[in-house]
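Colleague: So you can see what is in the structure, the chains are spelled out below.
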Amino acid sequence: MLLSSAPLIELIHLDNGLYCAHLSGTWTVRTLVDQATINQQISQYLTKPNLSWDMRSVTALDSVGTLLLWQAWGECLPTSLQLKPEHRPRFARWQTQVIDDISAPHTLSYARLSQGLQLVMAGVVAQLVAFFILLGQLVLDSFYVVRYPNRMPWAEISRAIYDAGVRALGITALVGFLIGIVLSYLSALQLKMFGAEIYIINILGLSIIRELGPLLAAILVAGRSGSAMTAQIGIMRVTEELDALSAMGISHSLRLVLPKVFALAVAMPLLSVWTSSMALCGGMFSAQDTLDINYQQFFQRLPDAVPLSNVLIGLGKSMVFGLVIALVACYYGFRIQPNTVSLGNQTTNSVVAAITLVIMIDAVFAILFMNTGMP
Amino acid sequence: MSDSCAIKLVQVWTRFGDKLIHQDINLCLPHGEILGLVGASGCGKTTLLRELIGLQQPSQGDIYVMGQSLLNAADYKRQLRTNCGMLFQKGALFSALSVFENIAFPLRELGFNETKLITRLVLMKLESVGLSQQDARLKPADLSGGMIKRVALARALILEPSLLLLDEPTAGLDPIASQDFVNLLSNLHQELAFTVVMVTHDLDILRDLCTQIAVLADRHLVAYGTLAEVMNGEHPFIAQFFHNQRAKRVFQ
Ligand SMILES: Nc1ncnc2c1ncn2[C@@H]1O[C@H](COP(=O)(O)OP(=O)(O)OP(=O)(O)O)[C@@H](O)[C@H]1O
Ligand SMILES: [Mg+2]
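Chains as they are written, first to last, in the working numbering: chain P, 37 to 411; chain L, 7 to 258.
Hints are computed from structural coordinates only; laboratory data are not their basis.
By construction, the Cβ of each residue, glycine as well, lies at the ideal position given by its N, Cα and C atoms.
Some clues are possibly wrong.
Claimed, not checked - Here are some, though not all, of the chain P residues that point toward chain L, as calculated from beta-carbon distances under 7 Å:
{"hint": "1", "residue": "Val69"}
{"hint": "2", "residue": "Ala72"}
{"hint": "3", "residue": "Asp98"}
{"hint": "4", "residue": "Leu103"}
{"hint": "5", "residue": "Asp136"}
{"hint": "6", "residue": "Ile169"}
{"hint": "7", "residue": "Leu171"}
{"hint": "8", "residue": "Asn375"}
{"hint": "9", "residue": "Thr376"}
Unchecked claim - Below are the DSS-like pairs computed for lysine-lysine, each with C-alpha atoms no more than 30 Å apart in a straight line:
{"hint": "10", "chain 1": "L", "residue 1": "Lys96", "chain 2": "L", "residue 2": "Lys25"}
{"hint": "11", "chain 1": "P", "residue 1": "Lys120", "chain 2": "L", "residue 2": "Lys122"}
{"hint": "12", "chain 1": "P", "residue 1": "Lys84", "chain 2": "L", "residue 2": "Lys122"}
{"hint": "13", "chain 1": "L", "residue 1": "Lys145", "chain 2": "L", "residue 2": "Lys96"}
{"hint": "14", "chain 1": "L", "residue 1": "Lys145", "chain 2": "L", "residue 2": "Lys122"}
{"hint": "15", "chain 1": "P", "residue 1": "Lys120", "chain 2": "P", "residue 2": "Lys84"}
Based on the provided sequences and hints, a complete structural model is requested.
Modeller: This is the structure in structure tokens:
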């Protein structure tokens with residue numbers, strides 16, 4: 037049933053010396069996909085003078101078939117054409133079709149270029165403004181929930197802490213542990229040369245607690261939860277859930293942004309402590325293996341090697357990372373247009389921006405606390 | 007035997023987990039008919055349409071479309087789908103593509119790439135569903151609900167399929183537009199002689215367009231036949247649906 041015969045066209049030499057193009061088979065969209073040869077044949081036959089067309093053997097003819105012939109005939113019916121009566125009206129629609137110009141204008145000029153540049157600049161400014169509006173709204177919301185504590189969206193917060201924090205424990209532990217092993221092993225090789233094996237504890241302690249733990253955790257969370265948050269808000273835009281919330285008079289920022297920001301600000305420091313501990317475990321494990329420094333030694337020396345202020349710096353940094361990741365994720369989430377391409381683009385943007393910002397903030401912290409926490 | 011039916015359902019059962027949706031559905035729809043599928047909300051009409059195009063498998067039983075079983079027939083399903091237009095209940099337009107590209111999509115997938123040909127075909131279809139050429143540039147997000155339906159219909163029709171599955175094609179259209187739809191479909195039907203299965207609750211369409219009507223209720227196919235035959239059915243749903251005040255006015 038689904039099978040149909042191929043479209044055929046052949047040239048017949050009539051008795052009176054004239055030619056007739058004889059069409060048969062099915063001339064439909066599925067049989068005409070590969071129409072190059074047919075087109076070629078038609079244009080070849082069209083060169084014959086006084087050519088007549090016989091389409092009475094055509095079994096099926098649809099819009100593609102008629103359009104193909106119509107175009108080949110130069111937008112008019114040939115003077116001598118024989119066809120089934122039910123097929124004739126199908127050419128009429130091409131006769132009457134008027135095509136508007138629906139393509140967007142494509143001109144490249146200096147004016148357009150400068151206009152484009154202006155648009156880009158305006159876009160950047162608009163983005164910054166939008167970001168600060170989001171931030172300001174968040175601050176206002178914070179005051180609001182301080183005044184009316186029972187409006188705090190606790191359920192959303194606890195859900196976000198679970199999603200972004202608890203469910204990230206496994207991956208952060210694994211990555212932390214492995215990085216600890218690698219760092220410890222590489223440092224051990226160098227320290228051995230100087231006979232300064234015991235300083236492995238200082239190196240690991242300081243670098244992990246102050247830098248690597250918070251940074252690793254933040255990068256993992258930005259990739260994991262940041263993207264999820266952006267996509268979640270984006271899907272809500274696509275499915276009009278955002279509009280539904282607005283229509284019910286529920287604030288987006290209070291219900292969607294605040295819980296995420298709050299949750300990450302709480303979960304991020306905890307995750308970074310967890311990641312640092314795992315990395316230290318990895319380092320300790322490797323140090324015992326390569327340098328014969330046992331666990332007891334490690335624990336005893338660690339507090340002396342790493343002043344407490346480093347832990348505080350790590351925690352503070354993590355909290356800022358959490359805030360920024362969630363804010364950036366929400367910001368890009370609200371920028372998503374209701375289509376799939378935009379969803380993908382903005383999710384990518386969100387992760388890239390979050391990781392970049394995290395590293396930039398880390399650098400700022402490094403400069404600000406240059407003289408703090410060194411033993 | 008099965009060749010005389012465009013669509014044939016043989017003892018079809020569908021379950022979602024513990025929930026039984028269809029229980030022993032048997033049906034044979036001859037070629038060229040327009041079947042109106044009627045049933046209460048949530049009784050499994052959309053599910054049945056999805057099964058007809060192989061997007062979903064019945065838990066039990068067999069479905070023949072155009073004479074061949076869909077059971078474990080991946081190749082046939084692929085072949086069938088280029089012969090089959092489906093209008094989804096919510097349109098299911100590709101949100102990243104413009105209206106034009108949405109309608110042109112099946113053509114391009116089939117292998118057409120000549121711009122002029124595609125443009126003319128797409129704009130012709132767009133006008134035939136009652137939209138203007140300027141609408142071709144819009145994105146699905148910028149369309150009204152009724153326009154989405156029309157674009158989705160144009161996309162379903164662009165390959166002039168031999169089987170057309172329509173899920174509530176006129177829900178969300180104004181009465182004039184749904185009258186236009188009836189005219190459009192009956193014109194096309196005369197021209198292309200395709201088989202249509204459409205889910206609809208629109209009494210006017212059941213009266214003016216559908217040549218066969220199937221009623222789903224309580225998981226069963228409780229009536230199947232022409233409008234007059236179906237209206238003689240005994241089931242309480244038929245009484246409610248076809249014999250209320252409004253229906254009486256329409257069917258007078
Ligand atoms: N993927 C699924 N998983 C579980 N249940 C489902 C699934 N899809 C549909 N259902 C159930 O199957 C039943 C039939 O759904 P279906 O969408 O076919 O209804 P319908 O007849 O098209 O209703 P409506 O007229 O409202 O569109 C519903 O009760 C629905 O809850
Ligand atoms: Mg449905």
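Colleague: Each hint: holds or not?
Modeller: Now for the hints, and whether the structure bears them out:
For valine 69(P), the interface hint holds, since its Cβ comes within 7 Å of a Cβ in chain L; the closest pair sits about 4 Å apart. Taken as an interface hint, alanine 72(P) does not check out: its beta carbon lies about 10 Å from the nearest beta carbon of chain L, beyond 7 Å. Against a cut-off of 7 Å between C-beta atoms, the interface hint on aspartate 98(P) holds, since the closest Cβ of chain L lies about 5 Å away. The beta carbon of leucine 103(P) is positioned within 7 Å of a beta carbon in chain L (closest approach about 6 Å), and the interface hint is therefore held.
A hinted interface residue such as aspartate 136(P) counts as satisfied when its beta carbon comes closer than 7 Å to some beta carbon of chain L; here the least separation is about 4 Å, so the hint holds. Taking 7 Å as the C-beta cut-off, the interface hint given for isoleucine 169(P) is violated, the closest approach to chain L being about 23 Å. This hint is violated: leucine 171(P) has a C-beta 27 Å from the nearest C-beta of chain L, more than the 7 Å allowed. Because the beta carbon of asparagine 375(P) sits about 4 Å from the nearest beta carbon in chain L, less than 7 Å, this interface hint is met.
Restraint check, threonine 376(P) versus chain L: the minimum CB separation of about 5 Å is within 7 Å; hint holds. About 24 Å separates the Cα atoms of lysine 96(L) and lysine 25(L), which keeps this hinted pair within 30 Å; it holds. In summary, the hint linking lysine 120(P) to lysine 122(L) is supported, as the alpha carbons are separated by about 27 Å, within the 30 Å threshold. Of the pairs offered as hints, the one joining lysine 84(P) and lysine 122(L) holds, with about 26 Å between alpha carbons and a cut-off of 30 Å not exceeded.
A threshold of 30 Å between alpha carbons decides the hint, and for lysine 145(L) with lysine 96(L) the separation of about 15 Å falls inside it, so the pair holds. Between lysine 145(L) and lysine 122(L), the direct Cα distance comes to roughly 21 Å. Compliance with the 30 Å bound is thereby established for this hinted pair. For the hint linking lysine 120(P) to lysine 84(P), the alpha-carbon distance of about 24 Å falls within 30 Å, and the restraint holds.
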